[in-house]
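Below are the chains, spelled out letter by letter.
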Amino acid sequence: MLEVEKPVLTGSHFMNGDNACAEGALAAGCRFFAGYPITPATEVTERMSERLPLVGGVYIQMEDEIASMIAILGASWAGKRSMTATSGPGFSLMMENMGLGIMIETPCVLVNVQRGGPSTGLPTLVGQGDMMQARWGSHGPYEIIALCPSSPQEMFDLTIKAFNLSEEFRTPVLVMADEVVGHMSEKVVIPSPEKIKIHPRLKTKEKPEKYLPFKPNKNLVPPMANAGEGYHIHITGLTHDEKGYPVINAKTQQKLVKRLLDKIRLNRDKIIILEEDNVEGADVVVVSYGISARTAVLPIQQARKEGTKVGLLRLVTVWPFPEERIKALAKKVKAIVVPELNQGQISLVVERCAAGNAKVISVPHMGGETHDPKEILAAIKQAVKK
Amino acid sequence: MTEEQIALNHPMDAYLREDRIPHIWCSGCGLGTCLNTFLHALVKSKIDMKKTSIVSGIGCTGRVAGYVKLDSFHTTHGRPIPFATGLKLANPKLKVIVFSGDGDLISIGGNHFIHAARRNVDLTVICVNNFTYGMTGGQGGPTTPITARSATTPFGNFEFPFNLAYLAAGSGAVYVARWTMLDVRRLENSILHALNKKGFTFVEIISPCPTLYGRMNKLGNGLKMIKDYQKNTIINHKVDLKDAALGMDGKIVVGNFVDIQRPTFTEVLYDHIAKPQPNKKEDIPKEERKKIEHHA
Ligand code: SF4
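Going down the list, the protein sequences come from chains A and B.
Per the working numbering, residue 1 is the first one in the first sequence, and the count goes up by one each step.
Per the working numbering, residue 387 is the first one in the second sequence, and the count goes up by one each step.
Derived from the structure by calculation, the hints contain no laboratory data.
Wrong hints could be hidden among the right ones.
Cross-link-like lysine-lysine pairs, in silico, BS3-like; alpha carbons within 25 angstroms at most [stated by the list, open to error]: (1) 203(A) with 436(B); (2) 251(A) with 584(B); (3) 205(A) with 436(B); (4) 584(B) with 243(A); (5) 628(B) with 455(B); (6) 215(A) with 455(B); (7) 584(B) with 207(A); (8) 331(A) with 309(A); (9) 210(A) with 584(B); (10) 332(A) with 617(B); (11) 437(B) with 215(A); (12) 210(A) with 436(B).
Predicted model, so just to flag it, every value in this text is computed and none were measured.
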């Protein structure tokens, strides 16, 4: 491997979100990228193709997104931090091996720069319609970690965060961006390498004879051995015991899959990041994420000027969902307003958590552009009226 | 050795996961012999077993990875090649072997197969071709010969099948061989050669599935099917591969068909980066280019 360029471009930059995402990956130590061109995520792929070979990494353009997703699993088992980036149609193709990654507990990062759907939909225009697909799109029961950046700076920061979470919990982590955040250019500050926190891979200290690749630690995460380290690991997408051997019965399924779910569910406090602005004492709280949370800032300011007590709760982590926080919030506020560029996917979850304690007003949008701030303002006004 | 010992030990025990035996394969199936022959070649190759991974997809052959005491990866249906590609490119020091069936590698995984061959990723791909989907109950697939019966071709198959050796060669594999599982000596030599050769090497093994393909086509039990291989096999290393298709007449042209040199994906990548880049705004400085050239 050769290293003729710096992996971390310390300094202030003016760059778009996709490029910031690629730089975040490199700063997090990503040295393998497999991808397939797709608007509006192509810039991530292009930047990786240019940067990776010169910082000691490997870039490969695969034949499709199915291959891209599973190639990054292979690379991760070889000990490299690995990533792929895509958008709606490619995300659909990746569902199969995202499931394998969850089942065989493989750290890796999958970026979805969301566009308008369904199908080919609006390749160049924004959407947030894949939020439920992220949660339920692969078959069978699973839990997923998904982060939603709202700016190019966060494309950088949260991509690093995604890599760290993937190593800490041994699971694929999603960066659920959107076309606007991916394509907008803003100031991105890249810190010096020693200021970037890297969560190392959790490696086993056991001898090969004693090692059980799926025996969890107290965090419910099993320490790993990579391929080529003499452990003769056995890895299968079939339901397996702690040895990694297939055992096809209900008891093993219960034990394994419950742990896979619990390692995310029971560690949710360590995973969930929320950003709250004037939520305490508010009558109305806007709950949103990604670009929609930014669109909400202006109408919130306007409503405050008009005398309404409005807070903003931004979901930096959408999955696992901050159920407790929303439950508690619903008991204190009159209404929760949820603007998002889909037909109310996260709004439904908020409604379930609010459990009738507060009114939940969805502000849906079909995608193709961001909300008109007036729509959100109208929803806030409607919320305080009744 | 007493008879009892013969029953308790297998010469390849050291390379098998004994705790996963008995295997799931039917009696009379050719897969045991395919695996055994592969293990003999692997041992002879002197490859460092600690640095060797074996990757399978789904199916009867897909179970191979799980029986071998290497780093074993039993992946999703059709995807062992791209998984192996990631594994190999991320750590070029690993030896990576793909061992899977015709349905897995050529039908659902067909796109991955041709692209990995085209790129000449440094992988050894062993494909057991039994002309059917065994695991799911004997359905037809892209290797099922015309007129053959299967669970999904009750009137006889009418789709034109792939000739795997021809496909591999046309896609850019640097080594292509085909043998039946009966010819263990030649097969072993071929696998050994494939393991030791750089680049995308491909060995197709014709193997009986008496339980399904054999029964549905009245080909007899496993032994009868293998005896027919003996009668019908034609060794022709120089055959024009388009004439080496497999049909219901049972004729099987075998041989070491292709053995060429071509730089691998990794070699091409670094060699290419090392060259001056006329379209790039900033060219890579000379000294650094030298470093890259050295690497390539
Ligand atoms: S179904 Fe066919 S291929 Fe599968 S184990 Fe039985 S005989 Fe072998």
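Hints, verified against the model:
1. In summary, the hint linking residue 203(A) to residue 436(B) is supported, as the alpha carbons are separated by about 17 angstroms, within the 25 angstroms threshold.
2. Between residue 251(A) and residue 584(B), the direct Cα distance comes to roughly 45 angstroms. Violation of the 25 angstroms bound is thereby established for this hinted pair.
3. Annotation: proposed proximity of residue 205(A) to residue 436(B) holds, straight-line Cα distance about 17 angstroms (limit 25 angstroms).
4. In summary, the hint linking residue 584(B) to residue 243(A) is not supported, as the alpha carbons are separated by about 33 angstroms, beyond the 25 angstroms threshold.
5. For a cut-off of 25 angstroms, the pair hint linking residue 628(B) to residue 455(B) is broken: about 37 angstroms separates their Cα positions.
6. Annotation: proposed proximity of residue 215(A) to residue 455(B) holds, straight-line Cα distance about 20 angstroms (limit 25 angstroms).
7. For the hint pairing residue 584(B) with residue 207(A), the CA-to-CA distance comes to about 32 angstroms; that exceeds 25 angstroms, so the pair is violated.
8. With a C-alpha separation of about 16 angstroms, the suggested pairing of residue 331(A) with residue 309(A) holds against the 25 angstroms cut-off.
9. Proximity of residue 210(A) to residue 584(B) is assessed by CA-CA distance (about 34 angstroms); at most 25 angstroms being required, the pair is judged violated.
10. Between residue 332(A) and residue 617(B), the direct Cα distance comes to roughly 84 angstroms. Violation of the 25 angstroms bound is thereby established for this hinted pair.
11. Proposed proximity of residue 437(B) and residue 215(A) is supported: the alpha carbons are some 23 angstroms apart, at most 25 angstroms.
12. A hinted pair counts as satisfied when its Cα atoms are at most 25 angstroms apart, and residue 210(A) with residue 436(B) qualifies at roughly 16 angstroms.
Going down the numbered hints, you'll see the structure goes against 2, 4, 5, 7, 9 and 10, while the others check out.
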